[in-house]
Amino acid sequence: MSPIAGPPGERVGEPSVDQSIAVLLIDDDAAVRGSLQFALEQEGIAVRVYADAAELLSAADFSAPACLVIDYVLPGMDGIALMGTLRSRAVNLPAILIAGRTTPEMRDRALDAGFADILEKPLQDSALVDAIRTALAVSSAAG
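With full-length UniProt numbering applied, the sequence shown covers 1 to 143.
Treat the hints loosely; a few may be bogus.
The calculated label-pair distances, taken between Cβ atoms and stated as ranges, are [to be verified]: (1) Ser88 <-> Asp61: 28 to 36 Å; (2) Leu111 <-> Arg89: 15 to 23 Å; (3) Ala141 <-> Asp28: 30 to 38 Å; (4) Ala90 <-> Ser35: 29 to 37 Å; (5) Phe62 <-> Val138: 12 to 20 Å; (6) Thr103 <-> Gly76: 16 to 24 Å; (7) Ser126 <-> Ser88: 30 to 38 Å; (8) Phe38 <-> Ala59: 19 to 27 Å.
I should point out that these hints are in silico values taken from the structure, not numbers from a laboratory.
A quick note: this is a predicted structure, and the numbers were derived from the prediction, not measured.
Even glycine gets a Cβ: it sits at the ideal position worked out from N, Cα and C.
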């Protein structure tokens, strides 16, 4: 749902995602990154984008609250391997895996690696926002 215009500088209605929380989006396809970034920002979600695992690992601030949205197919390592690397570095942010096609085995591996959800492309913007909200709520409740 798009925010309803209110007085200048004020957004009325959605979003219900805490704007102090960022999404760290990792996808090697610039068009997908741009499209998802735009859609999430329209929902009031702050987005930081990374083209690959190496860029994320060297540049991201993992101390601030965030939700990871990681593409499965990345140069250098796949999204599930990236999640393993993050967990081995004690990065315990909630995460969603996105993929062009999934298999039961991939879903099992992703869930075992710690992903909160797995979504298939093409993504419905609302499905991604709902998955982010759910992952953040579960992570917050787990404390």
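Verification of the hints:
Distance hint for Ser88 and Asp61: a CB-CB separation of about 18 Å, inconsistent with the stated range 28 to 36 Å. A beta carbon spacing of about 20 Å between Leu111 and Arg89 agrees with the range 15 to 23 Å that was offered as a hint. In this structure the hint that Ala141 and Asp28 lie 30 to 38 Å apart at CB holds, the actual value being about 32 Å. The given range of 29 to 37 Å is respected by Ala90 and Ser35, whose C-beta atoms sit roughly 32 Å from each other.
Separated by about 18 Å at the C-beta atoms, Phe62 and Val138 satisfy the suggested range of 12 to 20 Å. Range check, Thr103 to Gly76: Cβ separation about 22 Å, and the 16 to 24 Å hint holds. Ser126 and Ser88 have their C-beta atoms about 33 Å apart, which keeps the hinted 30 to 38 Å range intact. Checking the proposed 19 to 27 Å range against Phe38 and Ala59 shows it holds: the Cβ atoms sit about 21 Å from each other.
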